[in-house]
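Engineer: Sequence:
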Amino acid sequence: MRQVDENYSPVQLEKDIRMMWERTRTYEKVKKASESGKAYYILDGPPYTTGSIHIGTAWNKVLKDCILRFRRMQGLNVRDQPGYDMHGLPIEVKVEQSMNIKSKKEIEEQGMERFVETCRDFALRFKEKMTEEFKLLGVWMDWDKPYLTVDPSYIASVWWTIKQAYDKGLLTIDLRVLPWCPRCETALAEAEIEYWDETDPSIYVKFPLVESPGEYLLIWTTTPWTIPGNLAAAVHPDFTYARIKVRRGTTEELLVVVEDKVDELVELAKIEDAEILQTLKGAELVGLHYTHPFKDMVPYQQQVTNEWAHAILPSKTVTNESTGVVHIAPGHGPEDFEIGAEYDLEPFCPVDESGRYTDEVGEELAGKNVRDANDSVMVQLVEKGALFHEGTVTHRYGHCWRCKKPIIYRVTDQWFLKVTDFKDELVEANAKVAWYPDWAGANRQNDWISNARDWCISRQRFWGTPIPIWRCSCGNTRVVSSLDELREAEGYVEGMDVHRPWIDRLTFKCDKCGQVMNRVPDVLDVWLDAGVCSWASLGYPAEKAEFEKWWPSEWITEAHDQTRGWFYSQLVTGVLAFGRSPYNSVLMHGWAFNPEGEAMSKSEGTAIGPVNVVNTLGADSLRFYLMKANAPWEDVLFQEEGVKAANRTLNILWNVYKFSALYMSIDRFDPSSRKLDQLRDSMKAEDLWMVSRLEALKRDATSSMESYEVHKTARAIEDFVLEDLSRWYVKLVRDRLWKEGEDIDKIVAFKILHEALSTCSVLLAPMTPHISEAIHTNLDRSEESVHMVRWPSFNPDWIDAGLEQGMDLVREISEIVARIRQDSNVNLRWPVKRIVVKTRTDETSDLLQRLKLPLLAQNNIKSLQMVPVEEEWDEMMLSVVPNPNAIGKVYRQWSSKIAVLLKNRPAKAVKAGVDKGEYSLGIEGQLVKILPNMVSFTSTLPPDVVSAEFSDGIVYLDLEETPALEAEGFARELIRRIQQMRKDMKLDVEEYIRVEVECSPKLASAIDTWKDHISRETRARRLSTVEGSKGDYVVEWNVAGEGFVLGVTSLKMKDTLRVLTEVQGISTDKALRLFDAGFDSIDALKAASQDDLSNVDGVSRIEAKRVYDAIHQGEVKEAVPAQAPATQAVTQDAGAPVKEGKTAEEGAATPTAEPLSTPPVDVAQVRELERSFSYLVEEDKPETSYKLFIDTLKKGVKGYCITRNYPAKIRSKFDLKDVPIIWLSNVGRDSTIRPKDLEKLSLSLEQFLSQENGGIVLLDGLEYLITNNNFITVLRLIQSLRDQVAINQSILLMAVNRSTLESHQLNLLEREVDYTIMG
RNA sequence: GGGCCCAUAGCUUAGGUUGGCUGGAGCGCUCGGCUGAUAACCGGGAGGUCACCGGUUCAAAUCCGGUUGGGCCCA
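Residue numbers for the first sequence follow this note's numbering, beginning at 215 and rising by one.
Rather than coming from a laboratory, the hints here were simulated on the basis of the structure. Errors might be hidden in some of the hints.
As the list claims (entries may be wrong) - In the DSSO-like style, the derived pairs of lysine-lysine whose C-alpha atoms are separated by at most 27 Å in a straight line are:
id : residue 1 : residue 2
1  : Lys-252   : Lys-872
2  : Lys-646   : Lys-763
3  : Lys-858   : Lys-953
4  : Lys-1143  : Lys-1111
5  : Lys-308   : Lys-763
6  : Lys-229   : Lys-252
7  : Lys-1244  : Lys-953
8  : Lys-1216  : Lys-1076
9  : Lys-243   : Lys-619
10 : Lys-484   : Lys-530
11 : Lys-1244  : Lys-1225
12 : Lys-229   : Lys-872
As the list claims (entries may be wrong) - Derived CB-CB ranges, DEER-like:
id : residue 1 : residue 2 : range
13 : Lys-889   : Ser-1456  : 27 to 33 Å
14 : Pro-1434  : Met-1199  : 46 to 52 Å
15 : Gly-819   : Thr-519   : 52 to 58 Å
16 : Arg-239   : Gly-325   : 40 to 46 Å
17 : Ile-1296  : Pro-1434  : 31 to 37 Å
18 : Arg-239   : Gly-705   : 42 to 48 Å
19 : Val-641   : Leu-389   : 43 to 49 Å
20 : Lys-229   : Met-1199  : 23 to 29 Å
21 : Glu-1018  : Glu-1084  : 22 to 28 Å
22 : Glu-810   : Val-1248  : 57 to 63 Å
Ideal placement from N, C-alpha and C gives every residue a C-beta, glycine not left out.
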């Protein structure tokens, strides 16, 4: 485990992690590792290739990524193919803009080929861009193999589905009135209409009744342009209608309207006088005729002969609003169409594809855009005297969701899936789907399906899946269902693009009449593309195996707008083709809005892109925020502040990790050396509590993930990290961590911190994959990646609800103590004498006593005292309050004396007496009896005590100061000031100092009492009280009224110390003894004789000799090479043996700057090998390594060569005369080591390294050692060699053939050496 | 107009299924602490008619009915 020096800088960290994933192909390995698991098909709802993603898109993908990582960690074999929806109008619209095209006609003029090719280019480019953004978010999907709706095989799957519908008789062509976009010149599906408010004319039109001249039927409409297409009027047969006479000015008119609305009409149309002449049922009006106002203008209106034309029809769909009379234009409204069909009225539709009137309406209106023509129509109505009243109305109106233009209704021939024929099956299939949340399916989706209509699947556009229908003029129809079948077509060219316009040129010969069959020129609704993706992405039906393995998809997630979109289109096609839903479960998620609550729309500039956020705060922070901000099914108002908060949480996690890793690595803590169970007996209450919390966290996190309440998982983890781990447990165990030596308390704390951190990294892995990876790979190398780790199970035996409850109380009390300290101005450095707790129940009392130590330690309190339940605290000061009234009545003249006497008696005694019935008191020789009614008692707090209530009782805090407490407080204050000065001096944490203090005698005695403690805490080798403090840095302080002057001097021992401790057998302790004896610099050591050194207490003769030799041979120089590369990565593996002479302190100071190995350098960049460094040469044949070896030998460095090649051959080939060569072989004799005998190898190397200070070892044949042993063992050997080399100023050179190792092994090797060289 | 969902501090929100003690957090604000996690971290305080109206109940943020406002989907 290496220590962590860097702060949490997510952007860099994530970049490194992504590069590492890339380099070691982690994603592929993680997938491979779960291959044997149960198949689990997660289907990506294909985002439309619009160009870039917004927060909502990011949320969607992150949610998917999170769940698929989670499922994978559960051991499931997850299918994670991403998809893109690439056909359709939005791209056509974009391309039209880029090519400056205004209409469909221009596309045809400019050539469809170019247009379609540009569409494809756009779609592909957008796809690439979006993929990059998804990758930036850390989303792990199979980006190399996405499914694309434009692929020929995908298109063939769509065709096959159409063929299924055709074979089942569910595909039909029909004349219908449909929503139509005049700009895009195509029919729209219901799912393609967006509604918002629009202000339209609101007109009342008079239709003169034929049967009663002078009388008018009054109709109301908001679409004046539909009047030319009017063919009838409808009334509700049961409503009551009125014949009324109205007067405006001098004009009087007779009208027929619904009776209920007469008053409204009078007010609205400013009618001055209205008289109801007669009322009658709607049914009585049926069959009457009127004269169409445009009869003279529109020839069709004259020609129409149907008996119901221009007649009043009955319809129950008429509502009781406006006039209660509905004008019917069968060519302009779906309901009108249906009514018209009932009465054999033709759907007359004088409007063309571009929304313009045809010549059929007469020259006044012909050629006008219908919505623009409203005014003209009204002018005409006025001219004909038919307009009764005109106003405006604001109402919700449908718009094309692609181009946002208002829709109109037109009658056209279109292809339909007859969804209404199998609606019941849809409802049934939907009921079998598991919906999260359940109301999304049972209510919302069910509601939509129940109201489903036939699905118009044809579009009169270009960039889409071509409709696979060929028709003959004889009426014969052929539906193509595969690419193979297309090959039979006339004009087919192998490998041709099956899009329009190329496919339009293919023809079949009619098998009925032999004529040429031509393709219906339409394309398909894009929703059909998306709808079939569960099998199209598997290549079905061309490929069957994948389909059988995976289909149907297990889980999908999209936003709630997909109720009418993808959830629906999949269900329809699934039921159509396979009789069931193609998905088993759905998580319906919400929408992301911007902070103003507006939907994210790129075109309106309200979208927020995730890229900026990721580049400042990191993908993990964004992901964590998105996962925890809301329940998935609720909408989120995206707040950057929220991402910052998430970032802070991760930062705290990182800090806990950094802090823990520091001490663990200093101590070479090996987490695998002991199991948690084995340490149970050694655990303190807070340890057991922490483990209990951890197990509970695993339990809760798992259950909420299972139910897709991802926000709960995220919040539980966050709470655990912040509250339990960082703010509490770390504080509790902090002191234990810097104990020296083998200490069981420390090991327990390490183990638990390790467990907590690695568990958090695992639980967070689905949400924050990068930081999890960084933490986990350092703490736990059991798996190469955290994403390969199995999702943890929890152990209920460890969960102790009582203990957790107790700790909650301790925390509550700690908060109370903090508040009291703040109010009383006693800061945490000053110890408090005692805390007295009175609880309501014995249970609480027991829990608090169990947690006594953490309670006291956390609050710097010296003792805990419990008051038995039901009793008063016996130190409460009871005082007697005499009741003069009652006393006076009995004892009259003595009463005031009695009162005084009572007050002076011990209140307890008085109370005891009174409680028994009476208390006797002597006064002037008489005994008076004090009865209960004569006194009452009050209790007051003892001096210096402050009380406060908590949830289960009262705490009393005794703030009395004693000299001992004061001394301790001053000691702590002193430590704090010295630390501050050390910091000001920018001293290394390891550096030793000398401290002089000038102070009052009182303070001096406190210092005397606490001298050892202060010295240890501040690394002071000398601490003295003096007159006139001197030092490198002198500061005058004033604490609690005590002034003192501190002088701090750096002993500058660090470097010398390091030199000493590198000598074999010299520990830090011994080095310090030499220091204290005055040998505190290299010069002083040089000046000393061996005897001088051995005279130092605790230093043996041999040790003295070693030190002497080391100093005088000049072999020892500065431990850190002057040219040490900045990116040197020294990794301390948890399992590496502790080297003699290398101390914990030294480990602490080892600089590490990178989490991973240094990037390999090219051999050309290597000038010479440096001492104390180890090198890995990656080359196919060991040549560069030998060259470097020989170059180094030429500088007079002694060499040692270990190789698996035949020694004599090596010797001659590289001209190695005197260099000892060890042959790794099972057959050789002299100078031979068997490859499995690592111990012998290690021993011989140690010998060389210790004898020949400053030699170079060439180890050629690593892969041979690895195959003969195992990788980890060899790695350990290398770590040990590397350490020795660093200590002995030698060089280690290893050659490896990278193709013989797995990349993660190579990666691990690279981490262990200082440099990797590419040969 | 209908279906579904939602409304709690300045902002983002927990709690609501199982009605019950002073409605919790985070950010922001403010006061303070820590100084060996430190360009970090911790604590105290102020701030809430739990959208509104009505009902059930000893007791409602919570259950019921309605109103208003917002979102999605439809007409």
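Engineer: Each hint: holds or not?
Structural biologist: A quick look at each hint next to the structure:
Of the supplied pair hints, the one linking Lys-252 and Lys-872 is violated, its CA atoms being roughly 38 Å apart against a limit of 27 Å. Among the hinted pairs, Lys-646 with Lys-763 is consistent with the structure: their alpha-carbon atoms are about 21 Å apart, no more than 27 Å. Between the alpha carbons of Lys-858 and Lys-953 the distance comes to roughly 36 Å, so the proposed pair goes past 27 Å and is violated. Taken as a hint, the Lys-1143 and Lys-1111 pair is honoured in the structure, with Cα atoms around 14 Å apart against an allowance of 27 Å.
Among the hinted pairs, Lys-308 with Lys-763 is inconsistent with the structure: their alpha-carbon atoms are about 39 Å apart, more than 27 Å. Between Lys-229 and Lys-252 the CA atoms are separated by roughly 32 Å; this puts the pair beyond 27 Å, and the hint is violated. For the proposed pair Lys-1244 and Lys-953, the alpha carbon gap of about 32 Å is over 27 Å, so the pair is violated. Our distance criterion of 27 Å between C-alpha atoms is met by Lys-1216 and Lys-1076, whose separation comes to about 22 Å.
The straight-line distance between the Cα atoms of Lys-243 and Lys-619 is roughly 50 Å, outside the 27 Å bound, and the hint therefore fails. For the hint linking Lys-484 to Lys-530, the alpha-carbon distance of about 30 Å lies beyond 27 Å, and the restraint is violated. Between Lys-1244 and Lys-1225 the alpha-carbon distance is near 19 Å, which keeps this suggested pair within the 27 Å criterion. Of the pairs offered as hints, the one joining Lys-229 and Lys-872 holds, with about 19 Å between alpha carbons and a cut-off of 27 Å not exceeded.
The hinted window of 27 to 33 Å between Lys-889 and Ser-1456 holds, with their beta carbons roughly 29 Å apart. The hint said 46 to 52 Å for the Cβ distance between Pro-1434 and Met-1199, and at roughly 50 Å that hint holds. Checked against the hint of 52 to 58 Å, the pair Gly-819 and Thr-519 passes, with Cβ atoms roughly 56 Å apart. For the hinted restraint 40 to 46 Å between Arg-239 and Gly-325, the CB-CB distance of approximately 45 Å keeps it satisfied.
Taken as a hint, the range 31 to 37 Å holds for the pair Ile-1296 and Pro-1434, whose Cβ atoms sit roughly 34 Å apart. At roughly 46 Å, the beta carbons of Arg-239 and Gly-705 sit within the given window of 42 to 48 Å. With their beta carbons about 28 Å apart, Val-641 and Leu-389 fall outside the hinted range of 43 to 49 Å. Taken as a hint, the range 23 to 29 Å is violated for the pair Lys-229 and Met-1199, whose Cβ atoms sit roughly 36 Å apart.
Separation of Glu-1018 from Glu-1084 is about 26 Å and conforms to the stated range, judged on CB atoms against 22 to 28 Å. Separated by about 58 Å at the C-beta atoms, Glu-810 and Val-1248 satisfy the suggested range of 57 to 63 Å.
The structure shown violates the earlier hints numbered 1, 3, 5, 6, 7, 9, 10, 19 and 20.
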